[in-house]
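Novice: These are the residues of each chain, in order.
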Amino acid sequence: MPTNKPIPTSTTEYEHQYWQRVANGDVCIAHCQACDHVYHPPRRYCPDCYSDEWEFEPIAGTGTVYGYTSIHRPTERFASDTPIVSAIITLDEGPRLMGRVACDSEAIAVGTRVRLDTSGLSSDNVRLTFELLTK
Amino acid sequence: MDVFQHVLAPMISSNLLGDRYRMQLRPMKPVLIGYGETSVGESLNCRYEELNMWATREALRDVDLEPDDIDGLIATAPFRTERFPLPRLIEYLGIAPLNFAELTGVGGASHVTSIHRAAGAIENGQAETILVVAADALHSDIGPRTVIEELSDSVSEFEDPANIVPSLYAHVANWHLDTFGTTRKQLAEIAAIAHEHASLQRAERAHRQEAKSADEILDAPMVATPLTADQCALISDGGAAFIVTTEENAAELDQVPVRLTGFGARHTHDHISQMPSFNETGAIEAGQRAMAEATVDHADIDVLQIYDCFTITVLRILEDLGFCERGNGGDLVDSGALRLTGKWPLNTHGGALAQAHPGMPCGIFHITEALRQLQGRAEATQVDNASTALVHGNGGIFSTQAVAILERGECHAD
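Sequences listed follow chains A and B, in order.
The opening position of the first sequence corresponds to residue 831 in this note's numbering, with each subsequent residue numbered one higher.
The opening position of the second sequence corresponds to residue 642 in this note's numbering, with each subsequent residue numbered one higher.
For reference, chain A alone in the conformation it holds in the complex (with noise of 0.2 angstroms):
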């Protein structure tokens, strides 16, 4: 039985390494020193010109919310999270990933800019999470 906060069973020794950085709070994105294309999700080969020379970098952890949603009814092992604020975020260094958002679900739109905490980040929890970053 899954558990709610794993490190993702990753099939490849790339994804792996990803998720080892974020359980040490370490959050990368892959960057192609030959194409200089900035990517995610990590892959064995640059999406855009297939090198395989490219470097996991950190980012800065800042972005802003493209797309989000207050999930009330997600699968059983996260019932107990509920609601989840759930947003795609756009970061700073260009790409966008998934993320949860520690704040309240009519707190959070479209443009809301946010910022990563690490804080919370262990083997026992990879999941991003970002706050609100408030002027």
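Just so you know, these hints were derived from the structure itself, not from any lab.
From a predicted model like this one, the values you see are computed outputs, not experimental measurements.
Glycine is no exception: its CB is placed at the ideal position from the N, C-alpha and C atoms.
Misleading hints may appear alongside valid ones.
Unchecked claim - To give an idea of the interface, some chain A residues facing chain B are shown, with a C-beta separation under 8 angstroms as derived from the structure:
1. His902
2. Phe908
3. Arg957
Unchecked claim - Covered stretches of chain A, as calculated for chain B (at least 3 residues, CB under 8 angstroms):
4. 887-900
5. 914-920
6. 926-940
Please build the complex by placing chain B on the supplied structure of chain A, with the hints as guidance.
Specialist: Relative to the frame of chain A, chain B by itself:
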């Protein structure tokens, strides 16, 4: 020396090469002809193979064909993928041997794509009469809760696995609401139209047969904001089949032939977070290509069959197909144009929101409904003089898009 005139033509005329080669030297024009549907609902107590056979039986009976008349198959794998569903079905349906067999693979865009694949195989002379079938027992064999759990388990680890399919679409819904001022009620109105059209179907043809107002749809339990349960596809048992054959063969059959006059497809992403823009799906290019090939304009479309796994899917696609300006989907819904009496009657069977959603086979009902309309057999939801239908399919999370233009042909049979 002209090889055709001096060598091949005499052989053909003397039938030295047999019927088979004579057939293949002349390009065949494909048409859609018969169709069949199972009942739909929650407890048909049929397995995948049985439902596929049921749908096939109805399609064969519709045009008085025998299983042996089929020489090609396009089928859809069951929700729980078997290792080799295709040979299994070929044997089970009693249609072996076949010249052509394919399994679909672009989710809800599969069935619209299948029309094009079948037509191409007939034009190429690979097969003459192709069965396209899709059916599954999503509700009674697997169960709604399990379906939701298993679909959620398949969400990438790079997208929060707390997401279920509705919540992945909900990200785009909120984007549309925030960006254009679309209202939750306008979204709900799309489900109200679906429920009204489903309520007009025969009981065995609609999983849900009750009309509902937009307010009632908004009052349903919230799944993922802004999508309430009534704005999410049903989970049903059922399926359908249709037959694509040559124009020549169709002339012998007692149904109105329907021609595929335009087709387009466009596939863009897997993760919803990697969708290039929430303001554009591949349906833009797919639709433009299909309509250009068919040389039709929006005003020519009599019936709209848009894949409706969620209300936001319909809103997004209507804009992408150019039925209104970008951002004005809500106003189009409010205008009444999508109702039965409107300019572009939408999903006149009730769609995945209210008629049936048996998983992978969902999109095939949009096609059989288009055939019903174009053949003048749509009973209570018949659109007057329907001669051109646009059928759309969407798979994944706005990932795969396909659009077909279908037009009513001339009936040759007495």
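Novice: Each of the hints needs a verdict: does it hold here or not?
Specialist: We went through each hint and held it up to the structure:
1. His902: Given a least distance of 5 angstroms, the restraint on histidine 902/A holds.
2. Phe908: Holds: closest Cβ of chain B sits about 4 angstroms from phenylalanine 908/A, inside 8 angstroms.
3. Arg957: Constraint on arginine 957/A satisfied, holds at 6 angstroms.
4. 887-900: holds (count 5)
5. 914-920: holds (count 4)
6. 926-940: holds (count 8)
Checked against the numbered hints listed earlier, the structure breaks none of them; every hint is satisfied.
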